[in-house]
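Protein sequence lines correspond, in order, to chains E and V.
Sequential numbering from 0 applies to the first sequence in numbering that gives the first Met the number 0.
Sequential numbering from 0 applies to the second sequence in numbering that gives the first Met the number 0.
It is worth saying that the hints were derived from the structure and are not from the lab.
It cannot be assumed that every hint is accurate.
[Unchecked claim] Partial list, derived from the structure: chain E residues whose beta carbon lies under 8 Å from chain V: (1) 75; (2) 79; (3) 85; (4) 134; (5) 180.
[To be verified] Stretch by stretch, here's where chain E covers chain V in the computed footprint (C-beta under 8 Å, at least three residues): (6) 158-169; (7) 174-185.
Nothing here was measured: the structure is a model prediction, and the numbers come from that model.
C-beta: ideal position from N, C-alpha, C; glycine also.
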Amino acid sequence: MKFKFILFVGLLAISTITVAQDKYSLNYIIGFPTGETSEFIGTTSWRGVGFDYTHELNRNWGIGGSISWQTFYEDIGYQTTENGTETVSARRYNYINSLPIHVTGSYFFNSSKKELTPFISLGVGVMYNKQEQDLGLYILSSDAWQFSLRPELGIEYELRYGFGLRGAFRYNYAAKSGGLDGLSHFGLALGVFWDN
Amino acid sequence: MAYAMKYILNVKRFDFLFLFSFILFVAGCTPEGGQYVSDYDLVYTNYSPDYDFNKTYSYSLPDRVIKIDGNDDDDPEYIDKVYSDAILSNLKTNLDAMNWTQIDESESPEIVIVASAFDKSFYYYFPPPGYPGWGWWYPGYFPGYVGGYKTGSILIQMTVPNGAINNEIPVIWICGINGLLQGSTNYIIDRIDRNLDQAFNQAPFNN
């Protein structure tokens, strides 16, 4: 009986090790400002990069982490603004740098085409946001770590065993905190994934 | 087995290098701001809401523009005549255009214009909008002796000597122009003209 138990546990452990894989993905991300972010910067960000890690618990479920970096920028042009009796005229440049960091849970769907794997994911974590306006030689800047949620919808296309292309659409939500508005944005992440 | 271990290690190293180079690539793409020197020019004005700027006044202009160098000595220095002339000539053009009358300082003008310049920034003097600590009163006849740092700045102040209380002269309008002190003489004069014109297009003169 004892032998059978050891065998059972051993086989279970081996099978878990066999199934459990680590998946990595590297993405180029296009950022779309929304909410308070779009009020400050209206233009699409073509400057973003992200890295995702998923530990596959079984064929469908995975847990992991995600980090990305997105830079938004807009040349506002020469602006004259009044504040009471004060007036300032200068060329203005607006910047937002976002660094979302999430712990993620993912679900990978079974597909009729085995090379295609749709997935959904939810990330919980923080987002570091730095908002900056340059006017003349002066810089007005504020930053904060903000609570963040990141729902994501995507698909993987396996080119060969353990390697493929990946596309995902995600919403990086940030809650208002630290005297800074919640600076949220959408992201279209395009990249590659590989298993280990 | 040893071969497999080595292979995995190399892949990991490649992954790391790939990630690192990708981040460097994106960091290299971080967008820049201004492309030209004039993109960094800034015009700041502020005025006393208690003073009636709809009236016309007599005014005096100084002969030269004082150079503020932070040294507390009795002999004031002046900025280069070519820039001084450009500043004072522009002020006269704009003030005359408002039907103000220029008279000599000895004839007791209602408003005495004080012009000074820094080849250091006046960050401490000229706080960004909304910054607390701004005051209208300065001791002595020439307000605005402060230290500062880099870049070129011009400070124009309208003072009312008749309003002096306890040897303090009220300042009713202030204009700060700040930018990079770069480019040819003509380019700098052109920017001085453009920015002073802008100052007179701002409140309270734009009504």
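Consistency of the hints with the structure:
With 8 Å as the threshold, the beta carbon of residue 75 (chain E) stays out of range of chain V, its nearest partner Cβ sitting at about 11 Å, so the hint is violated. Hint on residue 79 (chain E) holds. Least Cβ distance to chain V is approximately 7 Å, under the 8 Å limit. For residue 85 (chain E), the interface hint holds, the least distance from its beta-carbon to any beta-carbon of chain V being 5 Å, beneath 8 Å. Nearest Cβ of chain V to the Cβ of residue 134 (chain E): about 6 Å, under the 8 Å cut. The hint holds.
The closest approach between the C-beta of residue 180 (chain E) and any C-beta of chain V is roughly 17 Å, which is over the 8 Å cut-off, so the hint fails. With 0 residues having a Cβ less than 8 Å from any Cβ of chain E, the region 158-169 of chain V misses the three-residue criterion, and the hint is violated. For the region 174-185 of chain V, the assignment as covered by chain E holds, since 3 residues bring a beta-carbon within under 8 Å of that chain's beta-carbons and 3 suffice.
In this structure, the hints that do not hold are numbers 1, 5, 6, in rising order.
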